[in-house]
Each structure stands twice: as structure tokens, then as C-alpha cells.
Amino acid sequence: MLRVENLAVSYGRSQVLFDVSLAVEKGEFVTVIGANGAGKTTLMKAIMGLLRPFQGRIVFRGEDITARPPWYRAELGIGYVPEGRRVFPDLTVEENLRIGAWRRAASFKRSCERIFTIFPRLAERRHQLSKTLSGGEQQMLAIARALVLEPELLLVDEVSMGLMPLLVNRSFKVLRELNREGVTVLLVEQNARLALRAAHRGYVLETGRIVLSGPAAELSANEMVKKAYLGG
Amino acid sequence: MYEQVVAVNAGIFMLLAMSLNIITGFAGQPNLGHAAFFGIGAYTSALLVAKAKAGFWLALPAAGLVAGLTGMLLGLISVRVREDFLAVTTIGINFVLVAVFQYVPFFGASLGLVVPPATVFGRRLDTGGFLILLLVLNILVYLLCLRVRFSWLGLALGGIRNDEQATASLGYNVNRFKVFAFTIGTFIAGLAGSVYAHFMGFIMSTDFSFPVSVSIMAMAVLGGLGTISGPLLGAAILTLAPEIFRFVADYRMLVYGGLLVLMMRFLPQGLLGENSPLANLLERRRPGPAGRVAPGGGNRG
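Those protein sequences? They're chains U and E, same order as listed. Residues in the first sequence are numbered from 1 upward in steps of one, following the numbering used here. Residues in the second sequence are numbered from 1 upward in steps of one, following the numbering used here.
Hints may be right or wrong, so weigh each one.
What the hints assert, rightly or not - Computed beta-carbon distance windows for the label pairs:
no.: 1; chain 1: E; residue 1: Val261; chain 2: U; residue 2: Phe54; range: 37 to 47 Å
no.: 2; chain 1: E; residue 1: Ala109; chain 2: U; residue 2: Arg52; range: 44 to 54 Å
no.: 3; chain 1: E; residue 1: Leu262; chain 2: U; residue 2: Lys131; range: 15 to 25 Å
no.: 4; chain 1: U; residue 1: Arg176; chain 2: E; residue 2: Pro61; range: 55 to 65 Å
no.: 5; chain 1: U; residue 1: Pro165; chain 2: E; residue 2: Val96; range: 56 to 66 Å
no.: 6; chain 1: U; residue 1: Met164; chain 2: E; residue 2: Phe85; range: 31 to 41 Å
no.: 7; chain 1: E; residue 1: Arg80; chain 2: U; residue 2: Met161; range: 23 to 33 Å
no.: 8; chain 1: U; residue 1: Ala217; chain 2: E; residue 2: Arg265; range: 47 to 57 Å
no.: 9; chain 1: E; residue 1: Arg265; chain 2: U; residue 2: Pro165; range: 31 to 41 Å
no.: 10; chain 1: E; residue 1: Leu69; chain 2: U; residue 2: Met161; range: 44 to 54 Å
Said to hold, decoys possible - Pulled from the structure, derived: some chain E residues nowhere near chain U, Cβ distances all over 12 Å:
no.: 11; residue: Val6
no.: 12; residue: Ala50
no.: 13; residue: Gly55
no.: 14; residue: Leu111
no.: 15; residue: Phe121
no.: 16; residue: Leu135
no.: 17; residue: Asn138
no.: 18; residue: Asp207
no.: 19; residue: Phe210
no.: 20; residue: Ser229
no.: 21; residue: Leu254
no.: 22; residue: Leu267
To be clear, the hints were calculated from the coordinates, so they are not data collected in a lab. Note that the Cβ used here is the ideal one computed from N, Cα and C, for glycine as well.
Could you put the whole structure together from the sequences, leaning on the hints where they help?
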């Protein structure tokens, strides 16, 4: 479904991604694990079109989208959950959802109901400004907002960042449920243990390079991954 | 008569503050050179009537159009530069434009331009007539703001103001919306310029200088950027204050500048912004359940 080929991205003179290639098949849950500063967010932004790579190709459902703007990619079916729960703080919960339904006004009500059954807490708070939500609720809202567009591929940038363990577990559970319902998921994550437990396959990103890849179970058993990412 | 002149002045600045609010308040794009578009409107209208012998009723929309097209160009630039650079760019545009008006003989240079009076059916438009015209324009622009705020467009602009990248990832062509906000906002400033030129009967470059841009910004910020009625209130207060308190007139720029700093520090949302004491007071007096109903939210001024 998604193919990233030899991607290289730099900010000014400092290069962040080197020759990154990866693939995600329909229905898969794939994770890219890596430490802080490995280039995970950069990878996500490049796939969404928020950053322009200077080398490489991004192919989504057979179409080369490397030069396409973000809104076009969203229309094609790529959803994006930015890191750090970046919801729109001075819009209400419902407005945060409605904003994604611009071209889907007809089906908004239905998708809204579906979202509220997945996230009952958001239904309770639909008229609150989203900056008044707790961290966990904002993370849910960030995921929900991307779901309004009914994406086929969901890019998720760190669900665990800054959340207490209970909420981290809950976020992972939601992603797994969504995946079971047919949403293809690509998650970049610092919490390698949980990410590898949730995903089918994984990649290890180190200082901008993919150094390892394979089925999630295999990666979890890998000595180098254990040592570097799973705490021995 | 004096009161009417003050009211005309207030009406013009209400238009300017509301139009800047579309760009800076709704879409979140800094613009510290709004007076430049006010000036483009004024000079366009003045030259059309004085040199091309066009009527005022043709010159008025033409002034808006020329200012709006220039604003569209600025919008196209704005999508290529970061916010802080954009602020500097808009200041630069203001200075360049004032210099052009100041030195190019075609624009009257330092002597300024004498502007023929506006006429309706062969009769000269008097101060009362200008007041009615401004009232109509203000109502139209207010309704436009209301319409924009509570529509998809308003929601999209709100998203861009909050987080441009996230909005883009939700399928919005962010650039197109920014350019749109600049075009509409500067179009209205152009209309205000036309009215100003024909009301004053004489314009010169300094009428549209950077301090005027700061004044317009101070009005929008005082009332509440992003609110509907805030800019009207801010413009009313800041145009009337110098008439009532002499010292404000003497230290106008000091007051406006100081006000900007104080507002940013203590009441960044403005007098009518979210959770401001005044907005809360008005909210409490409103009957019915408090809460936000329409898309775009109810309690924003």
C-alpha cells in the first residue's frame, strides 16, 4: 500500500534521514522504533508531505506522491496523527472533528457516531474547548480527528509521549482495534516494547538510517534490539 | 458637524480593524502593513476620479479590487515565508509604498493629491451621506465576518491559525485559504481607503504610514483578535479616545504602542475575547444554555 524508497531528508545542511526504504502492506500494523532524534517525526512528515525530501520516492497505492501536497495525500487516504497531541486548542472537541469533515459533510454524522463509540469520553466533552482536555483525552482526539477522513493508512507519531502508563496502554489498544477493523497503521514510536507487541512488523531507525527490520516478534528477540531498546 | 466627522473617522477605522481581523485574527497571519492597502485604495480612487474622470461609485469598488489584488500578491508571498518574516515583510511593504507615494510625481509626491468630492446623482456627498455609506459598508463587512466565522471557511482558517501542518494533513489546501484571507482583508481596506480619500478631499503619503498600521493593529488587538465584534469596539474606543482625552491625542503613538504591549501581557484575547471579563459578563446576561452551538463556536464575541 505504501512504499518509501531511498528517502533522504535534510533541514538546511544537517541531514536527518539517509536512504530510508520501507513498505507497508494493506491491513498491516507496522512500527518504526527509534530513540529520540533518530528521525521518526521527520519520516512521518515526509510521508504526509509536510517536508520535502531531496532524494527518494514515496508511492501510495501505486501512485507516486513524492511531489504532491499534504492535502492531496489526505484526499488519497492517508491520515496523520501528529506527535505531542497537537489538537486545535481553541476549537471545541466537535469542531476538531468537524474540521476534518470538510468534503464529507454528508457522512460526518455517521463517522462522528462511530468515533464516539470508540471514544466515549470525547462524546461527553464534545462542546468543551480541546485545550481543557487531559493529555490522554487530547491523544484520543488527535486520533479521532484523523479518523473523520476515514483514512486507509493511518500515520501515527508517538502515542506514548508524555502519557501515563495506563493511558499509553489504552492508546495502543485503540490502535490495535482500529487495525483489526481494517485500518492500515504505520506507527513511529519510542516505546519499543509496546510498539513491537502491537505491531506485525517493525523497523529500527538509528540516526536517520534503517538498521534492522523484520516481524515484530523477531525484533523483540533480537539481542541488539533488546539491549538498545528493551532495557537489556 | 464635529461629531459627524468623528463618526466618519471611527467608521473608516472600524472597517480597517475588521478587515485586518480577517487576516490576523481569523487566519492568524501577521500583517503590520495594513495601512499600505488602505493607501492603495485611497490613491487608486483619487487618481481614477481626478485623472480618469471616473465616478466615485466606479472608483470605490475599483479601489477595493486594486488593493485586493495587491493583497493577493502578498498572500502568495506569505505562503513562502515563515510567520516572523511575514511580519517584517508587511512592514517593509508599508514603507516602500509610502516612499512611492512620497516621491513619484504621478502620485502627487510630497505635495499630496487633491481628491475631487464624491457625488450622488450630481449632488455632492456630504458628511451625513458618508456616514450612511460607512454604516452600510460596516454592516456588510460585519455580516461577511459573521458568515466567514461560522462556516467551513472559518473553521479552516481557525485550524490554520492553530496548527498549519495539522490542518494541511486534514485535506486542506492551506495556501489557498491564506491567500483568500489576504485578498478579502485587503479588498475591504481598499474600500475604506476610497471613502477616506473622498471624504478628506486631500491625501498624502503619511496618511498611510507605518504608525497607522500600528493603530489598526492596536484596535483589533484591544477589541479581541479573532472575535466578531471586538475590532468594532476597539476601533470605536481608539478613535474616540483622542477626541475626549486631549492627552491621548498628544501621545497617540505612545498610547497605542503601550496598549499593544499591555494587552499582549495581560489580556491577549482582547476585551471581547474568550474568557475576558467583559465577554463573561455579556455571556452571563445572555438567556438560554451557555455553550457553543454553531460550527466555529458561539462565545467568540
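Original post:
Is the nearest CB of chain U more than 12 Å from the CB of Asp207(E)?
Top reply: Asp207(E) clear of chain U: closest Cβ-Cβ about 36 Å, beyond 12 Å.
Original post:
Asn138(E): least C-beta distance to chain U exceeds 12 Å?
Top reply: Holds: least Cβ distance 26 Å, greater than 12 Å.
Original post:
Can the suggested window of 15 to 25 Å be confirmed for the beta-carbon pair Leu262(E) and Lys131(U)?
Top reply: 24 Å, holds
Original post:
Does the Cβ distance between Arg265(E) and Pro165(U) fall inside 31 to 41 Å?
Top reply: 39 Å, holds
**OP:** Examine each Cβ of chain U, and state whether all of them lie more than 12 Å from the Cβ of Phe121(E).
**Re:** 46 Å, holds
Original post:
Using the C-beta atoms of Met164(U) and Phe85(E), is the stated range 31 to 41 Å upheld?
Top reply: With a Cβ separation near 39 Å, Met164(U) and Phe85(E) satisfy 31 to 41 Å, so the hint holds.
Original post:
Does Leu111(E) sit more than 12 Å from chain U, CB to CB?
Top reply: Answer for Leu111(E): holds, closest chain U Cβ roughly 48 Å.
Original post:
Phe210(E) clear of chain U by more than 12 Å, beta carbon to beta carbon?
Top reply: 30 Å, holds
**OP:** Evaluate the given range 44 to 54 Å for the C-beta pair formed by Ala109(E) and Arg52(U).
**Re:** 46 Å, holds
Subject >> Satisfaction of the hinted span 44 to 54 Å by the C-beta atoms belonging to Leu69(E) and Met161(U) >> reply: Roughly 45 Å apart at Cβ, these two residues keep to the hinted range, so it holds.
**OP:** Hint says 55 to 65 Å; check whether the CB-CB distance for Arg176(U) and Pro61(E) agrees.
**Re:** 59 Å, holds
**OP:** Could you tell me whether the CB distance from Pro165(U) to Val96(E) stays inside 56 to 66 Å?
**Re:** Because 57 Å falls inside the window, the suggested range holds.
In the structure shown, no violation is registered for any of the earlier numbered hints.
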